[in-house]
Every structure is written in C-alpha cells, then in structure tokens.
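Number of protein chains: 2
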Amino acid sequence: MKRNKKERQSLLIETIQDNPFITDEDLAEKFSVSVQTIRLDRLELSIPELRERIKHVAEKNFEDEVKSLPIDEVIGEMIDIQLDSTAISIFDVKEEHVFKRNKIARGHHLFAQANSLAVAVINDELALTAKANIHFTRSVKQGERVIAKARVISIENDRTKVEVISSVNNECVFKGEFDMFRSHSPEQ
Amino acid sequence: MKRNKKERQSLLIETIQDNPFITDEDLAEKFSVSVQTIRLDRLELSIPELRERIKHVAEKNFEDEVKSLPIDEVIGEMIDIQLDSTAISIFDVKEEHVFKRNKIARGHHLFAQANSLAVAVINDELALTAKANIHFTRSVKQGERVIAKARVISIENDRTKVEVISSVNNECVFKGEFDMFRSHSPEQ
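As given, the protein sequences belong to chains A and B, one line each in that order. Each residue of the first sequence is one higher than the last, beginning at 1 in full-length UniProt numbering. Each residue of the second sequence is one higher than the last, beginning at 1 in full-length UniProt numbering.
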C-alpha cells in the first residue's frame, strides 16, 4: 500500500524505534518506495544511517544488566539485552579472526560470539553450554560486521534453549541452537 | 586373566606403542594389576610416564603434513595426523581460557581445538565447516590438559564428516560431529 509522505515518515520513525537495525533496503521494501526515498526521508527526519545507529546503541553499557558473566567476557560488542528473552551483539571481523590463506573468518570466532551471547542472555549467576547444533550458512570475510541475535526459546527447570542467528547485511551467516545449563530455575 | 610378568611386560610394550596416550590407571585395569605394578614395569622397561610420552610426540613438527591450513592456525598442539583419517592435539587450559568467576574453560576454546583439528585432518587445500553438532559432557577446569582425537567417519564428494572426542584424564569432556566442506573430492 502506498502512503503519503507524512504517513510514511511517521511510520518510518516508529519502525526504526522498534528495530534500530533495520536496513534502508528493508525499509524501502516495507513501504514500497525506492531506497533513495528512504534516504531522503531519513535526512529530512535527521535519522542517522544504520551504521551510526548501531554505533550509538553500542555506546550504552550493559555491565549491570548481564548476570551470568562480566561484560568484557562477551565476545563482540553487546548492543541490547533483555534477560531470559533476547540479546544482540556486533562483531567486526578483523585480520586476527580469519584464515591467512583466504581471509575467511574462522568458525570458532563466529561460534564464540554466538555462544557468549547465549550465556549472557541467561538471567542466572551460572550458565554453561551443554549442547549446540550449529550451521555456518555462508562464509564471512575480513572487514564484515556480524550482527548476532539471541532469542530464548524455552526455559525448563535448569535447561534453557537459546537460538542465535548471526547475519551480515541482513544475510544469515550462522545459525545455532544452544542448550544451556543454569544453576537456578527461574520463578514461574 | 592374570599373566606372568614377562608376558605382561611384553604386552605392555605393545599396548603403549599402539596407544601412547594410555594412562597407567587404564593399563592397570587392562592387565588386572595395581597401578604401582605398572609403574614398576615401566621403570624396568624404561618406558617414560604418560606426560613425557606426550611431550616426546609433541616435539614432532607436522608443518609438512597438514594441507588445509598452516600448522600455527591449529588451536592446541598437534601430536599426530594421518590425513583424511585421524588427528590428535593437546590443549592446556590456562587462565586466559576460563571464566573468571568459576575457572571453568569457556566453550569456544574447546570448540576451537576440536574444529581446527577437524579442518587440519582434511587432505585438501580448502576445508570449511558447514555444520556441527556438539556436546559439552563435563566442565574442564584451569590447569587441565585436553586431548582431542579427530576421526574421519565418511567422505562423500565435497563433504567430509569428522568426529572429534576430547578428553581429560581419559574422561570425555567434549564430543562433536563436524560436517566439513572441501574443494576437491579425493580420488577413490
């Protein structure tokens, strides 16, 4: 459905508030307009581009929010967390994270980002990984930014299942399901 | 079955040649004698203790054997490799590998040891992880030595399945099945 400019811009503000990580491309598709139109809308509304928005969110400090480990033990930069629900982190793939030969990111770094996010999202002093089922869906190259999103999908007694999906430019690069052990069952 | 000392010592030599990583405890059980007896046998036969045997094997350099990555990209120390068949590495868990709070090894380090061994065992210039199914079967503490053994369980076209079992003092701490992508199918 085409909207007039005023309607669209007001919905745009709302949409970006809900999901600061949405790309201009996704917004264009959502509102059936060109990417260029979205850029102009953002300029008029003084909404910074995605990269800047991410940086801004990243300046928040989640030290007090995370319970299961000190924030500096999270691999990547935590940019959002709702305990026992969702968490997001970003990880910039640098020279030290790739195979020398082909500049492809080594699996254990993507795993470390996802796994530490799965630990961090748990609302408990102790969280350990019991099992994981992971897929590397496309290779990540040096210089790319990986956004990992963790979502708690079930909590049963001392076990919590966390799904983590990591993407680069909105394309899924890693998917994992983590079975986490926690020391306390949350109150129902 | 109890054997006389001569028989036992000759079998002992054979057993240790087959598996240099077998512990005195396992040998004692195997031959239905005390650990003390095994130690005395080793002394008489001048067979060094397990720790020394591992060190000795570790002095070999596998630079020329490994094809899929430079040896210094293997996490842990490679101590044996038969391309497209089996590989073994050891990894000493130090302060930088554990959670500060409880000194338990972080999952991604055990994963990194196993995953890089699964890459190294592949007889190809290019090997990438597609999927993995992993279990952390007991926590590993700072100061412990993890021995990972990789075994190729199937090769089909550009896919190779590798099983990795990591243990501390012969007790399984990590088990993983890795689906590896390779650039060439090996000749049949």
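Treat the hints loosely; a few may be bogus.
Which copy is meant is left open, so a pair is good if it fits within one copy or across any two.
Claimed, not checked - Under the rule of at most 25 Å between Cα atoms (straight-line distance), these lysine to any residue pairs were calculated in the SDA-like manner:
| hint | residue 1 | residue 2 |
| --- | --- | --- |
| 1 | K6 | F62 |
| 2 | K161 | R39 |
| 3 | K149 | D179 |
| 4 | K100 | F181 |
| 5 | K175 | R159 |
| 6 | K161 | F99 |
| 7 | K6 | D72 |
| 8 | K94 | A28 |
| 9 | K94 | L45 |
| 10 | K100 | T86 |
| 11 | K161 | N133 |
| 12 | K103 | R53 |
| 13 | K175 | R39 |
| 14 | K5 | E77 |
| 15 | K30 | R159 |
| 16 | K67 | L50 |
| 17 | K141 | L40 |
| 18 | K100 | P48 |
| 19 | K103 | D41 |
| 20 | K100 | D158 |
| 21 | K149 | L128 |
| 22 | K67 | E7 |
| 23 | K94 | D84 |
| 24 | K175 | R138 |
| 25 | K149 | E171 |
| 26 | K94 | E65 |
| 27 | K5 | E125 |
| 28 | K30 | I165 |
| 29 | K94 | N123 |
Calculated directly from the structure, the hints in this document are not laboratory data.
| query | For the identical chains here, do K30 and I165 meet the 25 Å Cα criterion within one copy, between copies, both, or neither? | reply | within (22 Å within a copy, 47 Å between copies)
| request: With 25 Å as the alpha-carbon cut-off, assign the pair K100 and F181 to within, between, both or neither. | output: between (35 Å within a copy, 18 Å between copies)
| request: Indicate which option fits the pair K161, F99 if close means a Cα-Cα distance not exceeding 25 Å: within, between, both or neither. | output: Between copies, since 21 Å is at most 25 Å while 31 Å is not.
| field | Alpha-carbon proximity between K94 and D84, which holds within one copy, between copies, both or neither at 25 Å | value | Neither: 30 Å inside a chain and 30 Å across chains, both beyond 25 Å.
| At most 25 Å between C-alpha atoms: does K94 with L45 qualify within a copy, between copies, both, or neither? | neither (34 Å within a copy, 52 Å between copies)
| query | Can you tell me if K5 and E77 fall within 25 Å by alpha carbon in one copy, between copies, both or neither? | reply | neither (36 Å within a copy, 62 Å between copies)
| Intra- versus inter-copy proximity for L50 and K67 (alpha-carbon distance at most 25 Å) | neither (29 Å within a copy, 41 Å between copies)
| task | State whether the alpha carbon distance between K6 and F62 is at most 25 Å within one copy, between copies, both, or neither. | result | Answer is neither: 36 Å inside a copy and 66 Å across each miss the 25 Å cutoff.
| request: Could you figure out if K175 and R159 sit no more than 25 Å apart (CA to CA) within one copy, between two copies, both or neither? | output: Intra 20 Å, inter 19 Å, cutoff 25 Å: intra and inter.
| field | K5 and E125: within-copy, between-copy, both or neither at 25 Å Cα | value | Neither way: K5 and E125 sit 49 Å apart in one copy and 54 Å across, limit 25 Å.
| query | With identical chains treated as interchangeable, where does the CA-CA distance between K175 and R138 reach 25 Å or less: within a copy, between copies, both, or neither? | reply | both (10 Å within a copy, 24 Å between copies)
| field | Alpha-carbon proximity context of K141 and L40, limit 25 Å | value | neither (31 Å within a copy, 55 Å between copies)
Comparing the model with each numbered hint stated earlier shows that hints 1, 2, 7, 8, 9, 12, 13, 14, 15, 16, 17, 18, 19, 22, 23, 26, 27 and 29 do not hold.
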